[in-house]
Amino acid sequence: MASQPNGTSTDWPGRYYHIDQVLNTPGPRTDPAFLAGDGVKTFLRNQAKILVIGAGGLGCEILANLALTGFKDIHVIDMDTIDISNLNRQFLFRQKDVGQPKATVAAEFIMKRVPGVKVTPYFGKIQDKDDDYYLQFNLIICGLDSVEARRWMNATLVNLVDPENPESLKPMIDGGTEGFKGQARVILPTITSCYECSLDMLNKPTAFPICTIANTPRLPEHCIEWASVLEWPRVHGDKKMDTDDPDHIGWLYKIAAARAAEFKIEGVTWSLTQGVVKNIIPAIASTNAIIAAACCNEAFKIATSSAAYLNNYFMLIGTDGIYSYTFEHEKRDDCPVCGGEALEMTISSEMTIEQLIETLVEKQDIQIKKPSLSTPTKQIYLQAPPQLEKATRPNLEKKVSELVPPGGEVTVTATTLPFSLSLRISYST
Amino acid sequence: MIKIWSMKKNEEAAAKRKPKTSAAQIRVQKDLTELDLPSTMQTNFPDPADLLNFTLTITPDEGMYKGGAFKFSFAINTNYPHDPPKVKCAQTIYHPNVDLEGNVCLNILREDWKPVLNLNSVMVGLQYLFLEPNADDPLNKEAALEMSKNRDQFLQNVKMSMRGGNIKGVQYDSVLVR
Ligand SMILES: [Zn+2]
Numbered sequence: 001m002a003s004q005p006n007g008t009s010t011d012w013p014g015r016y017y018h019i020d021q022v023l024n025t026p027g028p029r030t031d032p033a034f035l036a037g038d039g040v041k042t043f044l045r046n047q048a049k050i051l052v053i054g055a056g057g058l059g060c061e062i063l064a065n066l067a068l069t070g071f072k073d074i075h076v077i078d079m080d081t082i083d084i085s086n087l088n089r090q091f092l093f094r095q096k097d098v099g100q101p102k103a104t105v106a107a108e109f110i111m112k113r114v115p116g117v118k119v120t121p122y123f124g125k126i127q128d129k130d131d132d133y134y135l136q137f138n139l140i141i142c143g144l145d146s147v148e149a150r151r152w153m154n155a156t157l158v159n160l161v162d163p164e165n166p167e168s169l170k171p172m173i174d175g176g177t178e179g180f181k182g183q184a185r186v187i188l189p190t191i192t193s194c195y196e197c198s199l200d201m202l203n204k205p206t207a208f209p210i211c212t213i214a215n216t217p218r219l220p221e222h223c224i225e226w227a228s229v230l231e232w233p234r235v236h237g238d239k240k241m242d243t244d245d246p247d248h249i250g251w252l253y254k255i256a257a258a259r260a261a262e263f264k265i266e267g268v269t270w271s272l273t274q275g276v277v278k279n280i281i282p283a284i285a286s287t288n289a290i291i292a293a294a295c296c297n298e299a300f301k302i303a304t305s306s307a308a309y310l311n312n313y314f315m316l317i318g319t320d321g322i323y324s325y326t327f328e329h330e331k332r333d334d335c336p337v338c339g340g341e342a343l344e345m346t347i348s349s350e351m352t353i354e355q356l357i358e359t360l361v362e363k364q365d366i367q368i369k370k371p372s373l374s375t376p377t378k379q380i381y382l383q384a385p386p387q388l389e390k391a392t393r394p395n396l397e398k399k400v401s402e403l404v405p406p407g408g409e410v411t412v413t414a415t416t417l418p419f420s421l422s423l424r425i426s427y428s429t
Numbered sequence: 001m002i003k004i005w006s007m008k009k010n011e012e013a014a015a016k017r018k019p020k021t022s023a024a025q026i027r028v029q030k031d032l033t034e035l036d037l038p039s040t041m042q043t044n045f046p047d048p049a050d051l052l053n054f055t056l057t058i059t060p061d062e063g064m065y066k067g068g069a070f071k072f073s074f075a076i077n078t079n080y081p082h083d084p085p086k087v088k089c090a091q092t093i094y095h096p097n098v099d100l101e102g103n104v105c106l107n108i109l110r111e112d113w114k115p116v117l118n119l120n121s122v123m124v125g126l127q128y129l130f131l132e133p134n135a136d137d138p139l140n141k142e143a144a145l146e147m148s149k150n151r152d153q154f155l156q157n158v159k160m161s162m163r164g165g166n167i168k169g170v171q172y173d174s175v176l177v178r
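From first to last, the protein sequence lines are chains A and B. Position 388, counted from 1, in the first sequence is what my numbering calls 388; the numbers after and before it change by one each time, with no gaps. Position 44, counted from 1, in the second sequence is what my numbering calls 44; the numbers after and before it change by one each time, with no gaps.
Read the hints as simulated data drawn from the structure, not as lab findings. Hints may be right or wrong, so weigh each one.
Unchecked claim - Just some of the chain B residues that point at chain A, by a computed CB distance under 7 angstroms:
(1) Arg27
(2) Lys30
(3) Asp61
(4) Cys105
(5) Ile108
(6) Gln171
(7) Ser174
As the list claims (entries may be wrong) - Listed below are the simulated DSS-like cross-link pairs for lysine-lysine, each with C-alpha atoms no more than 30 angstroms apart in a straight line:
(8) Lys204/A to Lys239/A
(9) Lys204/A to Lys114/B
(10) Lys204/A to Lys66/B
(11) Lys159/B to Lys240/A
(12) Lys239/A to Lys159/B
(13) Lys141/B to Lys378/A
(14) Lys141/B to Lys331/A
(15) Lys141/B to Lys390/A
All residues carry an ideal CB built from backbone N, CA and C; glycine is no exception.
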């Protein structure tokens, strides 16, 4: 059964009629490597393993699209549980599911609705999983609302790339929406521009000048920020504000409302308070649907080679009519994740840190002056500021092998490097 | 699957494997080791192994705040440089752009922060506040009002506050360089 190109016994009649129009014959835009017919169908339906990150507004759409285009081995990660406010757009969830993990409920829903598809949920964080976990997938689609999670995922996939193992390069398709705006992009780690390369293109969450908040509030948002930025730390000291705690939101609302009354400002509500402190931009179901469709279209094209895939950034602006734009975002040499150089170094286990630094400085092919070195967990030697130089100076006399395990990584930064250099150290003796 | 790897082979760039050091961590290391500070600014790391939490002391050598040593705490989170560093004044000081809780009104710490800015830009910006306090962006309204209305009184208040004086019922910290 594993090699039935036209599906399994659980597929209903005509399930692949439309998709097979694309997969049975090559078209003018197909990749030269495209082999129309059974081979590609078998790959898509019996072999391809795809990971979806996020089972929220985008994730629900993505899961449904993938299942219906014929991906059959889908995994999904989400750390959240279902909130009643999700139900208007996260259509895999019902009232009875409130409080349940999104990943689990979404997986069950898809499996019930689309027989023959296996969705494996994981209720937890992406950071819980190691390299071996991510290595099992052919493709990864992100439908996340957090910059931090995307940065982590992007860096992890760039790190995963092993020149000795072609399979280790996992295409990442990243979707994101903000109200009526959205974007979809294809990231081929180490080949194309990565998420970190474009960090400065991100829309900043609206922040108001702190003196406006303090002195001349005009908007309800100013009052809410006054409560959260100035009053919370003043009253509660070091106690951290938890934006998921209704008591905390309630306190902020009360303070903001009093401030608004004092300045005769209208519009401070409980939900606006929550929206401002959690930086919630209204999620629009149709934007999610368009972006999810764009992402799944790319996944399908990459998995099957049936058409050229996106190179590499698609933007949708739906605020005034519909406008979309596609361009190639360029890889940056000074990107801390995918830029810079990597160097394999085999050294004697007797070599000291000072000797390693001299070796680096003398290397002709990389122009390094005054390098600072660290491992992922500690500083080895920092050239500045003076206090840190002094604190790390005793390491100069130590052997590299005391501080870096075989195969361990050392990050080198220097003013003369665009960003950083990474060394992988092995020992000859 | 599209043979992405065969495409890769055509690329000039050699395949790279980067360390697991986070982008934020590398960026902070780069920012700190490349700080180019005048002698009027000094960093201090309570725990030299922790690069994300430290203080900066500014000792202006000109202007009305000359003779004082002003201490700021820096806290950098793992989403740096997407998020700006969190900076607070560690003392109660009399300054139009710093409130009594230590909040600082500096545009690049909030609304104008961009990932291309770095710790050096923030520190230089902070020092500038002591050379050119700005009464138009007040956080300490009393001080700002005094500064625009009665400059001589303001200068006297600055001197008094720096000695640890009390102005209109507010006790300020002594910040004089010993
Ligand atoms: Zn990059």
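Verification of the supplied hints:
1. Among the interface hints, the one on Arg27/B holds; its C-beta lies about 6 angstroms from the nearest C-beta in chain A, closer than the 7 angstroms criterion.
2. Nearest Cβ of chain A to the Cβ of Lys30/B: about 4 angstroms, under the 7 angstroms cut. The hint holds.
3. A distance limit of 7 angstroms between C-beta atoms decides the matter here; for Asp61/B the minimum to chain A is near 19 angstroms, and the interface restraint is violated.
4. Among the interface hints, the one on Cys105/B holds; its C-beta lies about 4 angstroms from the nearest C-beta in chain A, closer than the 7 angstroms criterion.
5. Residue-level restraint check for Ile108/B is violated (minimum Cβ-Cβ distance to chain A is 11 angstroms; threshold 7 angstroms).
6. A hinted interface residue such as Gln171/B counts as satisfied when its beta carbon comes closer than 7 angstroms to some beta carbon of chain A; here the least separation is about 16 angstroms, so the hint is violated.
7. The interface hint given for Ser174/B is broken, as the beta carbon of that residue sits about 23 angstroms from the closest beta carbon of chain A, more than 7 angstroms.
8. Between Lys204/A and Lys239/A the alpha-carbon distance is near 26 angstroms, which keeps this suggested pair within the 30 angstroms criterion.
9. At roughly 8 angstroms between alpha-carbon atoms, Lys204/A and Lys114/B fall within 30 angstroms of each other, so this suggested pair holds.
10. Straight-line distance between C-alpha atoms of Lys204/A and Lys66/B comes to about 36 angstroms, which puts the hinted pair past the 30 angstroms bound.
11. With a C-alpha separation of about 36 angstroms, the suggested pairing of Lys159/B with Lys240/A is violated against the 30 angstroms cut-off.
12. Distance hint between Lys239/A and Lys159/B is unfulfilled; the C-alpha atoms sit about 34 angstroms from each other, more than 30 angstroms.
13. At roughly 44 angstroms between alpha-carbon atoms, Lys141/B and Lys378/A are farther apart than 30 angstroms, so this suggested pair is violated.
14. Between Lys141/B and Lys331/A the alpha-carbon distance is near 47 angstroms, which puts this suggested pair outside the 30 angstroms criterion.
15. Between Lys141/B and Lys390/A, the direct Cα distance comes to roughly 42 angstroms. Violation of the 30 angstroms bound is thereby established for this hinted pair.
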